[in-house]
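For reference, the chains in residue letters:
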Amino acid sequence: MWNIMLGAPQYPEPLGIDIYINGLQGQSEFDIQNIDGLNHYIGMKTLPKPADMWEFSVFPKVVLAMAFLGVLIGLIGLFKNISPNWFLFWFILMSVLGMLGVYDFNLWLVDYGTDLDPNAIMKLVNEAGEPMQYNPPLIGHKKLLNFDAFSYPRTGGIMLFVGMMLTVLAYFVGKKSLNK
Amino acid sequence: MKTRKIKLFTAVAASLLLASCGPQTNNKKSGGALSSSAAEKVYVAPGEHDEFYAFLSGGFSGNLTVYGLPSGRMLKEIPVFSQYPTSGYGYSEETKPMLNTSFGFVPWDDAHHPDISQTNGELDGRWVFINGNNTPRIARISLTTFETEEIIEIPNSAGNHSSSFITENTEYVVAGTRFSVPIPQRDMPIKDYKSNFKGSLSFISVDPEHGHMDIKFQLMMPGFNYDLSHPGRDKSHGWFFFTTYNTEEANTLMEVNSSQNDKDFIAAVNWKKIEEYVNNGGGTMMPAEYAHNVYDESTHTATTTMKKEVLTVDPLKVPGAVYFLPTPKSPHGCDVDPTGQYIIGNGKLSADLTIHSFDKMIAAIEAKKFDGEAYGIPILNFDDVLAGTVKSGGLGPLHTEFDGKGNAYTTFFISSEVVKWKLGTWEVIDRKPTYYSVGHLMIPGGNSRKPFGKYVVAMNKITKDRYLPTGPEMEHSAQLYDISGEKMELLIDFPTHGEPHYAAGCPADLIKANSKKIYRLDENKHPYAILSPDQAKVERKGNEVHVYMSTIRSHFTPDNIEGVKVGDKVYFHITNHEQDFDVPHGFAMIGQNTSELLIMPGQTKSSVWEPKKVGVWPFYCTDFCSALHQEMQGYVRVSPADSNIELSWSLGDSDEE
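Going down the list, the protein sequences come from chains A and B. In terms of the working numbering, the first sequence opens at residue 7 and continues consecutively. In terms of the working numbering, the second sequence opens at residue 651 and continues consecutively.
Hints may be right or wrong, so weigh each one.
[As the list claims (entries may be wrong)] Listed next, with one range per pair, are the computed distances between beta-carbon atoms:
#1 W114/A / A1291/B: 51 to 59 Å
#2 G146/A / E1136/B: 54 to 62 Å
#3 A126/A / N1294/B: 35 to 43 Å
[Unchecked claim] Here are some of the chain A residues that sit facing chain B, going by a computed Cβ distance under 7 Å:
#4 F36
#5 N40
#6 G43
Keep in mind that the hints were calculated from the coordinates and are not lab data. Ideal placement from N, C-alpha and C gives every residue a C-beta, glycine not left out.
Okay, chain A solo, but in the shape it has when bound (with noise of 0.2 Å):
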């Protein structure tokens, strides 16, 4: 779904986490011990196993039933005249998810990157003395320390993206041919 990249002056070839519905893992075999073993001189709890986040369980039933449903209606859609109203029907309820799930995803991007151990090794401030926030970009670019941290849907997160358009491009092929 999405993929969180850290790279430094000392990793030519960067760290990263692909980020799937059902868990998390290394873009290289032991990237994810290796995050670890950097977060751990901040205090950052190391990174979730599937069975630490209820999102790992629910998170694929939902986007499966969510799937089973656009399909059905398409279906339905193809064989029967129903009204497109269905599609923008689909596509809000997903979006309302989707946005949800992102929403959640930065919950836990900020909880990594704050709830540090109170004896982390390096407890570093920022500009205004604040204690430093480790939490990668939702989505883009970030400097972290001496890392550089990239933050981008990968194909699975693209494709559902690309799924909830063509719902809306029905929405209004559809409208188009009722009003005819």
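Chain B: place on chain A using the hints.
Here is chain B on its own, set in the frame of chain A:
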């Protein structure tokens, strides 16, 4: 008075200036335009990689050094035959067996001639082999880990010099003896050398999958000195050629007495014929004692097996297997061109190179045109096998390599130069001085069917003024020449470690993708490895204490140990839990009578400490592993021998064990 001083000064300065413009500096420093293009050719920008790997033998360092070409940067020293405190090789419990021999633990050797494994006569970049000259041994080094994986001792050999050259499918690595000796060894007068001593030529088979070595047979030759060798290739595949000297069989004042014959021999050995003979049950098994040391990458541990017998072959029992090719003046290098047609004898006391023709040799053998025999081995007629002579104008040819474009390059020790000449016409095309007294040279792939004829490295025996002086002892010097054009061009000088006697090189692309970054912790089968820190423990077995320890940035688990007593033998078995590239941890204990350890990610190494004094003694990580490297340390409490303090260990505040 003052003006006179100034005038004098000016005069001196002018004469210095004149001197520095003199002709004698022309060959030392080339002109501005030339040198700038040379600089571009060897400049490898920061972060860029070299085009070629070069593996230079370390000579009396006992090791192998890895260089990048064309930059001439030294990338690594690989310990082979010598203890190496930098990594703990030969000091750690796991690697001590690598240096076992039938003479006991031998922590040094004289490493001579590296050769890269081949498939179909082309470099395959899997292993590099190298010989130990002094206590005869052959080592195999992995080119994925760049670690010595195997060392086999050669019995019935002394001065393992005409080694370690490999046949074109790495069927055999071949090791010939320099000294002839009584075989089997026995108490006898030295003066009875002649016709009583023998020279053994060992053919060591190489397992195609794992590279494991095994002596297939030893050919028992007359008591000459076997100097260098090379396999036939392509059309001459199946043959092996050895230069000899001291065919006089002298045993004293050798520099005079072994240089009397106008011609010595190149021995041509049809090893396929002997292999067939041996496979059909031929040969005589004789008692012998030699060590075979194998390092297992999964247990990170070497083991020694003492072998008890070796198969010997009498050349006279295999008709048609061995012939002598008369070759002038104590030939040194024995080199075969990429087509396998020409066998070059580098007569080190002459001005000329002698080139034998493989086709003519076969024709002479078939026509049975012999010029006598030596100890029953037929001698071919010099003129019948001669392909040509290079009238070089130089003196003291030692060794020849090839560029794959029909040219050969020969080093001349006495006249200190590299000479380029043409195969077939034997004309000299170019010559360039070396600084100074070149021994051997190397073109990547230059002794295979497919040379990469872009550079030649000349390895010199004498350095003198080439670098800033460093006292009487200096590193040797090498020169890199561009050989892509008609004329050679000197590009760069670089120091070499120990004394390179030969080198092997290959395109970086053949090796670099396979170079290992870490050892997988989940594949670690070391008996004392711990795969997670909660398995850390300390065990007592009588006066032996075994510490099962792990490391990760940046702490040891455990880091406090109590209950050790004076007189104990403490084994630290340390597993590096990192799985990140280039994050080794080190280990050193105060007062330890051995070296540190350097433990690669996923690896386990063991170090012994025998505490002699009561107290609390620290240990620490020797490799700067992180910003908290300096904090990576611990203590061992040592109590009197009769104390009854129980063993305990911990990490952090908790006292749990």
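Hint by hint, here is what the structure shows:
1. W114/A / A1291/B: 51 to 59 Å: Holds: the Cβ-Cβ distance is about 57 Å, inside 51 to 59 Å.
2. G146/A / E1136/B: 54 to 62 Å: holds (57 Å)
3. A126/A / N1294/B: 35 to 43 Å: holds (41 Å)
4. F36: Result: holds, 4 Å to nearest chain B Cβ.
5. N40: For N40/A, the interface hint holds, since the closest Cβ of chain B sits about 5 Å away, which is under 7 Å.
6. G43: holds (6 Å)
In summary, this structure violates none of the numbered hints.
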